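Undergrad: Sequences and hints are given; from them, build the entire structure.
In the order they appear, the protein sequences are chains A and B.
The numbering of the first sequence is this note's numbering, which starts it at 1 and goes up by one.
The numbering of the second sequence is this note's numbering, which starts it at 1 and goes up by one.
Since the hints were derived computationally from the structure, they do not count as laboratory data.
The structure presented is a predicted model; accordingly, all values stated were derived computationally and were not measured.
Yeah, the Cβ is synthetic: ideal placement off N, Cα and C, and Gly gets one too.
Treat each hint with caution, since some may be false.
[What the hints assert, rightly or not] In silico lysine-lysine, BS3-like type, Cα no more than 30 Å apart, as pairs:
# : chain 1 : residue 1 : chain 2 : residue 2
1 : A       : Lys605    : A       : Lys615
2 : B       : Lys111    : A       : Lys582
3 : B       : Lys43     : A       : Lys381
4 : A       : Lys223    : A       : Lys611
5 : B       : Lys43     : A       : Lys538
6 : B       : Lys290    : B       : Lys264
[To be verified] Derived contacts from chain A toward chain B, CB cut-off under 10 Å, selection only:
#  : residue
7  : Phe143
8  : Asn374
9  : Leu419
10 : Leu461
11 : Tyr474
12 : Ile485
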Amino acid sequence: MDSTVVNEHIDHAVEDHAHEHHGNFITNYIFSTDHKIIAKQYLITGIFWAIIGGGMSMIFRLQLGFPEATMEWLRPLLGDWITSTGKLDPEFYLALVTMHGTIMVFFVLTAGLSGTFSNYLIPLQIGARDMASGFMNMLSYWFFFVSSVVMFISIFIETGPASGGWVIYPPLSALPQAISGSGLGMTLWLVSIALFIVSTLLGGINYITTIINLRTKGMSFTKLPLTIWSFFFTATIGLLSFPVLLGAALLLIFDRSFGTSFYLSEIYIAGEALPNMGGSPILFQHLFWFLGHPEVYIVIMPAFGITSEIISTNSRKPIFGYKAMIISLLGITVLSFVVWAHHMFVSGMNPFLGSIFMLLTLIIAIPSAVKVFNYLTTLWKGNIIFTPAMLFSIGLVSFFISGGLTGLFVGNSAVDIQLHDTYFIVAHFHLVMGSAAFFGMIAGVYHWFPKMFGRMMDNKLGYIHFWLSFVGIYMVFFPMHYIGIAGFPRRYYSFTNFDAFSTFVDLNAFVSIAALITFAAQFIFLFNFFYSIYRGKKAPENPWNSNTLEWTTPRNPGHGNWPGEIPTVYRWPYDYSKPGAKEDFIPQNIPFSKTPESNLPHEVKEIEKEKAVEKA
Amino acid sequence: MIGFSIAVGVFIILAILLLIFRLHTLVNVMKESDKKAGGGFNKGNAFLFMVFLIGSFGLLFWYSVKNFHLYQLPIASEHGVTTDRLFWITMWITGIVFIITQVLLFYFSFKYRHDENRRALFFPDNNRLELLWTIVPAIVLTILVVYGLFVWNKVMAPAPKNAEVIEIMGYQFAWRVRYPGKDEVLGTHDYRKIDATNEFGLDFTDRAAYDDFVPRELHLPKGQPVELKIRARDVLHSVFAPHFRLKMDAVPGMPTRFWFIPTKSTAEMREETGNSEFNYEIACTEVCGKGHFSMRLLVVVDEPADYEKWKSEQQPWLSKNPEYMAQVPQDLKELAMIKSQSESTKLN
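TA: Here's what the structure looks like:
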């Protein structure tokens, strides 16, 4: 009821001012409260971070692939992080690994993915004028922006950015004596992440509120596109888990700056015994992973939603098992909170706890398996159009299978003893959440670019981008399984100190070359993206013949999204290739009364309800 | 000058690429290929998926078979045999699922590529299918979980009473090991007593500490249970002995442990691998700072008799560092003198 009041109110506002140009450049494009502009701000910032984070991985891949080569030519960029002998400084290597992880997980795949597509699609797909609170939404972006600035500055300080791994386990992260990155760099990291958490919470509250309250007439929960369902669950996970990270970070700040002993105990370092007693480094790990594990679902679930939408549209087929897809998302959401300690099987935690978490961890494989089989069945007997978005979505499913299955190894505590903290883990999570979520994000950009910018991206460049990325990513991460099974530990600057790790020199070089090619291929995307914003072919209103509401808006939706009344929704979003229908798609805003030729028996009854829906 | 010519070269290449792209766009407008489904390259992409499927599977099997010896490290502990068996069972199960699902994914993509004369099948749900692929994975996972629990509980069970207890301590950036000496009890330690020489912070008010010895390498008896008492002095470390399938974090302020039975002596392993310079090693797998990648500890597995002989040759730490006698309480000085005398010093 409230939602309609708000909508009507805005309806009037839009009608009154429809042709008035108000606001200036700053209110329209910088401190904008329009969800579409905010989404684009998130996207551009995410792309910026992806280049930085990806670039960092290129530097450490050079080190790993070609440990003998001189890095002297990087001195103009890295300065004294190149040692006098022309080598990469080992501490800076750790800083690169740490920042790569932090940037990719938080800034690219959380803010860049959820921030972009939750903001862009929620109002457009549920039929709302804007977010529940445009102002909070704007604050959410600007908190993220400030967080980004702080993190960016930390890269350039003399003692280097945080370098104890993206998981920032104390005592390493608490003691500047232990590693120079734990000085000012770590302080800035904590400040930046604290701001980031505020941003995530502001955004998440908005997403949830908007989805619950501002759905258009007839848009019941059972008619929501799977994208919206996934954003809804993602925001819920974020809202419940991010505050715990804030708590963990706060206690770490106390340990670092105010002499408390939450995480520190019996430490002798740099010729000195510290006074801290009774703290527990394991406590931090529990708190960190209480966010850290749900975080990987925060990263992958929006990608699932996007993929479901794209695969259904381009297979010209309803998504198979709509309800099962929602239930499995719900299952993943709930289970994501009770599996965190599988990151800690060999942390010294009680082995009994390990048994419990192993059981729960392997249960989460069931909803994941259901999703994969449902995707496969959606493709089965489809009529598949390979848009670049579709290619990337298929790529996502492939990565998710490959990376998901290795989860059965590392989720089994007895097997994890050997694999923990080796390259097997690196391969596992880069495929299952890193590359899969990245592909989801790219697929989303290709698919909704015409709505975002009113122009089309170039298809051919999209194909080249896909094939180079898809093959490239497999060539980077698949070989790491072998290296991991052989026991090579992650976060190693070089492997020359150990006889056991003296093999695979050629494979490591191969991985690095594949990584360089894959990274280079992303510039094709960047060119396509920025070129098409200005020079791309003008987009039709519904280029993919899709059913969801965003395609009923004008080519360049203005403030308020629909010039007139918001369309009413009568049917679910997946009426593709319905028997009897003329076209192979029936958008959500077409009433059943207008499609007598294709209505299923139970839908005939819906016609009577239509009048009531319109009046509501 | 070289830099400048590279820059010019890059610029020219980019300019040419841009020109090709423009021409291609114009040709597309003429051919109206954008109006066709999939931009006129739908078949091409479908075909490429099959090429990818066949090519990558070929590469996968070829490499996995050819380099098996490189990634499958020989196993040198009793529990390692069982954890590796579980690993390979999981590999077979997931391998089969991997092949089926990937083949279906790419084959469906190829087979059901767009055709203007065909319509997709309207197939929104089927509860039987959903049930099928909920229950089958659940059963398979139950098998893995039950077997996993069985193995895990066995590996993590308390060490047998007769286990050799050895302490291993990680610090930036090395490992140190300490043996209990003849009394078979490790002396207590206190981190506030650590200094440059007394790296373990041995507490000399405890008489058990007098005969403890600190060798440079970790020696283990073949075929006997060994319990490692693991601790860290400064930041987190993690003991990783790849051949023993052994890993456990070293945590400051919280002792951890791992027990196992070495099954092959260093000499036997040299024979098995055909590498006369083979040595067991312990590495660190929890990031701990600048020297994380260099925390190597040499491990030697001896035949039981050789191990006993080696032990008897070791000098207690206190006898090597007599200045620490000053820390021994007056009434225990004599005991300390006696206990810290090793076999070799007695013989002299």
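Undergrad: Determine for every hint whether it applies to the structure shown.
TA: Evaluation of the provided hints:
Pair hint Lys605 (chain A) plus Lys615 (chain A) holds up; C-alpha atoms about 18 Å apart against a cutoff of 30 Å. The suggested pairing of Lys111 (chain B) with Lys582 (chain A) holds, with an alpha-carbon distance near 24 Å, which does not exceed 30 Å. Restraint check: the Cα-Cα separation between Lys43 (chain B) and Lys381 (chain A) comes to about 16 Å, which is no more than 30 Å; the hinted pair holds. A hinted pair counts as satisfied when its Cα atoms are at most 30 Å apart, and Lys223 (chain A) with Lys611 (chain A) qualifies at roughly 17 Å.
Of the supplied pair hints, the one linking Lys43 (chain B) and Lys538 (chain A) holds, its CA atoms being roughly 25 Å apart against a limit of 30 Å. For the hint linking Lys290 (chain B) to Lys264 (chain B), the alpha-carbon distance of about 33 Å lies beyond 30 Å, and the restraint is violated. The closest approach between the C-beta of Phe143 (chain A) and any C-beta of chain B is roughly 29 Å, which is over the 10 Å cut-off, so the hint fails. Annotation: Asn374 (chain A) was flagged as interfacial toward chain B, and the flag holds, the nearest CB pair being 8 Å apart, inside 10 Å.
The beta carbon of Leu419 (chain A) comes within 8 Å of a beta carbon in chain B, closer than 10 Å, and the hint placing it at the interface holds. With its C-beta approaching chain B no nearer than about 7 Å, Leu461 (chain A) sits inside the 10 Å limit, and its interface hint holds. This hint holds: Tyr474 (chain A) has a C-beta 7 Å from the nearest C-beta of chain B, less than the 10 Å allowed. The criterion of a C-beta within 10 Å of any C-beta in chain B is met by Ile485 (chain A), whose closest approach is roughly 5 Å, and the hint holds.
Going through the hint list in order, the structure does not satisfy hints 6 and 7.
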